[in-house]
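Undergrad: This is what each chain is made of:
2 protein chains.
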Amino acid sequence: MTQSNVGVIGLGAMGLGIARSLQRSGFKVHVCDVRDEVVQAFAAEGGVACASPAMMAAACDIVITVVVNAEQTETVLFGDQGAVAALRPGSLVIGCATVAPTFAVELGQRLADKGLAYLDAPISGGAAKAAAGQMTMMTSGPADAYLKAEAVLAGMAGKVYRLGDVHGLGSKVKIINQLLAGVHIAASAEAMALGLREGVDADALYEVITHSAGNSWMFENRVPHILNADYTPLSAVDIFVKDLGLVLDTARTSKFPLPLSATAHQMFMQASSAGFGREDDSAVIKIFPGIELPKAQGKE
Amino acid sequence: MTQSNVGVIGLGAMGLGIARSLQRSGFKVHVCDVRDEVVQAFAAEGGVACASPAMMAAACDIVITVVVNAEQTETVLFGDQGAVAALRPGSLVIGCATVAPTFAVELGQRLADKGLAYLDAPISGGAAKAAAGQMTMMTSGPADAYLKAEAVLAGMAGKVYRLGDVHGLGSKVKIINQLLAGVHIAASAEAMALGLREGVDADALYEVITHSAGNSWMFENRVPHILNADYTPLSAVDIFVKDLGLVLDTARTSKFPLPLSATAHQMFMQASSAGFGREDDSAVIKIFPGIELPKAQGKE
Chain A
1 MTQSNVGVIG LGAMGLGIAR SLQRSGFKVH VCDVRDEVVQ AFAAEGGVAC ASPAMMAAAC
61 DIVITVVVNA EQTETVLFGD QGAVAALRPG SLVIGCATVA PTFAVELGQR LADKGLAYLD
121 APISGGAAKA AAGQMTMMTS GPADAYLKAE AVLAGMAGKV YRLGDVHGLG SKVKIINQLL
181 AGVHIAASAE AMALGLREGV DADALYEVIT HSAGNSWMFE NRVPHILNAD YTPLSAVDIF
241 VKDLGLVLDT ARTSKFPLPL SATAHQMFMQ ASSAGFGRED DSAVIKIFPG IELPKAQGKE
Chain B
301 MTQSNVGVIG LGAMGLGIAR SLQRSGFKVH VCDVRDEVVQ AFAAEGGVAC ASPAMMAAAC
361 DIVITVVVNA EQTETVLFGD QGAVAALRPG SLVIGCATVA PTFAVELGQR LADKGLAYLD
421 APISGGAAKA AAGQMTMMTS GPADAYLKAE AVLAGMAGKV YRLGDVHGLG SKVKIINQLL
481 AGVHIAASAE AMALGLREGV DADALYEVIT HSAGNSWMFE NRVPHILNAD YTPLSAVDIF
541 VKDLGLVLDT ARTSKFPLPL SATAHQMFMQ ASSAGFGRED DSAVIKIFPG IELPKAQGKE
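Taken in sequence, the protein lines are chains A and B.
Residues in the first sequence are numbered from 1 upward in steps of one, following my numbering.
Residues in the second sequence are numbered from 301 upward in steps of one, following my numbering.
Everything labelled a hint here was simulated from the structure, so no lab data went into it.
Given the structure is predicted, the values throughout are model-derived calculations rather than measurements.
One thing to keep in mind: the hints can contain errors.
To be verified - Covered stretches of chain A (in silico footprint by chain B; criterion: 3 or more residues with CB under 8 angstroms from a CB of chain B, positions within the stretch not fixed):
id : segment
1  : 75 to 89
2  : 92 to 102
3  : 113 to 124
4  : 231 to 239
5  : 273 to 283
What the hints assert, rightly or not - Example chain A residues on the side facing chain B (calculated, C-beta under 10 angstroms, incomplete):
id : residue
6  : Val39
7  : Ser52
8  : Tyr146
9  : Leu147
10 : Arg197
11 : Ser216
12 : Phe219
13 : Pro257
14 : Pro259
15 : Leu260
16 : Ser261
17 : Phe288
18 : Glu292
19 : Leu293
20 : Lys295
21 : Ala296
For every residue, glycine included, the Cβ atom is placed at its ideal position computed from N, Cα and C.
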């Protein structure tokens, strides 16, 4: 049996997990990233190092972009040494970045014009699930894209939601997830800030809320960062400046009001302007004045 | 063995569940409510009907108030035919309404001045858990109040959080839970509204979000009401006009900003002013213009 070749562009926490999962699933995984050291490290694990997306495309019929945003997606596909010019007709691009739905729609058309298939496929679940091949994918695209993608999706994701046969629906569902995620992180910060202001024990408050109707996935996941005073960025404040920005841009196109998203976006921008943009997104609590946050000392 | 007497004032969905749970736990349960028919119905189940809180207080050393707000709490305790004047010194009042923490503190002092113990004890969990004796209680108060309350709490709650020895902490944690609950309901509505506006399938969106990081207890619980077009008020829009109002009043006392709570409060007030105040709180989605909500036809 010959191994199928697949390319992964972008070896951040998610991309590296995807690359390893695909390798474990039996694919020959070609990788590239602006950081040469992570590319070489993955090559030492049995992957194939590529100097550019164009060089990867010469060897792969399926290329997965796991970069941060639309701008980077544009660069790795259409930029100097981008993948598209080198991909054979009939090849498939799977786009995992969180991007504006309109960008996903246009990208699908631009790739179709080159004879390439596209799957709009944002991902969710975090680095641990990516490493385990158990991510969630929010996908949409034409039937032929799904046909080509089938084995690769099975190798990288635990759950693949198929949201329709047109591009953009995957990205719409992803940004709606980000709307809720962003509002919930900001609400978690607001609730914990009020508790601290009112002299409620922060650990007890976390315990009660996580067992009550006020709970959210984000409250449960992010508030421990605040309690432990650990603002190491697993996902940064500036990611939500970007993602809630995409949410608001999408709604603005049809002049649709999103009062909570707009408020949460302002909170993340306030945190970023105050110098916390590269800290963990739970650092949005630092915008609240007049409270004393838990300190690292004395915590596990 | 003689049965201990305990009184429950207010036989709404929560109060009736509490009364039945206590009866099942072996208490002789005395009840009163402004609606005589529910009092008589409970008497037919073996309870003791009381014509007024004062008449209840003559027979009970423990009285539990399960009314809607501070105003009703005031009336049943201190109003005409209120319980307090008739309670024997050393008796205990357990206050379950969601009230301002400052009201709970003052109430504790006023009852202490009469020789009565008070437990600040808001409840959470909904009617089904109340009926099963499995509610969550967020409590605070002095040690002697807990001593007197012990058997009753065990008979009515699955989980009793003890948040400190001063009144108000229970109410503070409860309103912080309501802050999150209210923001999450409004955010659920905003997210579903954007999905509908963008042509995303509403059922698929619910399925994806409930398995993703954007999930919340309220999203999972309330969005099915929207999908089924069933706005029967399990908890009404006007409850969150009140509860987020309490949250904001509490923060205003110390001039503390709560941007998301303030925004969500405006959304519930907009829904109430538009005529949806007595509908289910998920009806806050009706403030979003330019979308077509799911209809009841064709749904299970």
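Undergrad: For every hint, state whether the structure bears it out.
TA: Hint check results:
no. : hint       : in the structure
1   : 75 to 89   : violated (count 0)
2   : 92 to 102  : violated (count 1)
3   : 113 to 124 : violated (count 1)
4   : 231 to 239 : violated (count 0)
5   : 273 to 283 : violated (count 0)
6   : Val39      : 29 angstroms, violated
7   : Ser52      : 33 angstroms, violated
8   : Tyr146     : 16 angstroms, violated
9   : Leu147     : 21 angstroms, violated
10  : Arg197     : 5 angstroms, holds
11  : Ser216     : 4 angstroms, holds
12  : Phe219     : 7 angstroms, holds
13  : Pro257     : 7 angstroms, holds
14  : Pro259     : 5 angstroms, holds
15  : Leu260     : 5 angstroms, holds
16  : Ser261     : 7 angstroms, holds
17  : Phe288     : 7 angstroms, holds
18  : Glu292     : 13 angstroms, violated
19  : Leu293     : 15 angstroms, violated
20  : Lys295     : 21 angstroms, violated
21  : Ala296     : 24 angstroms, violated
Violated hints, in rising order: 1, 2, 3, 4, 5, 6, 7, 8, 9, 18, 19, 20, 21; the structure is consistent with all others.
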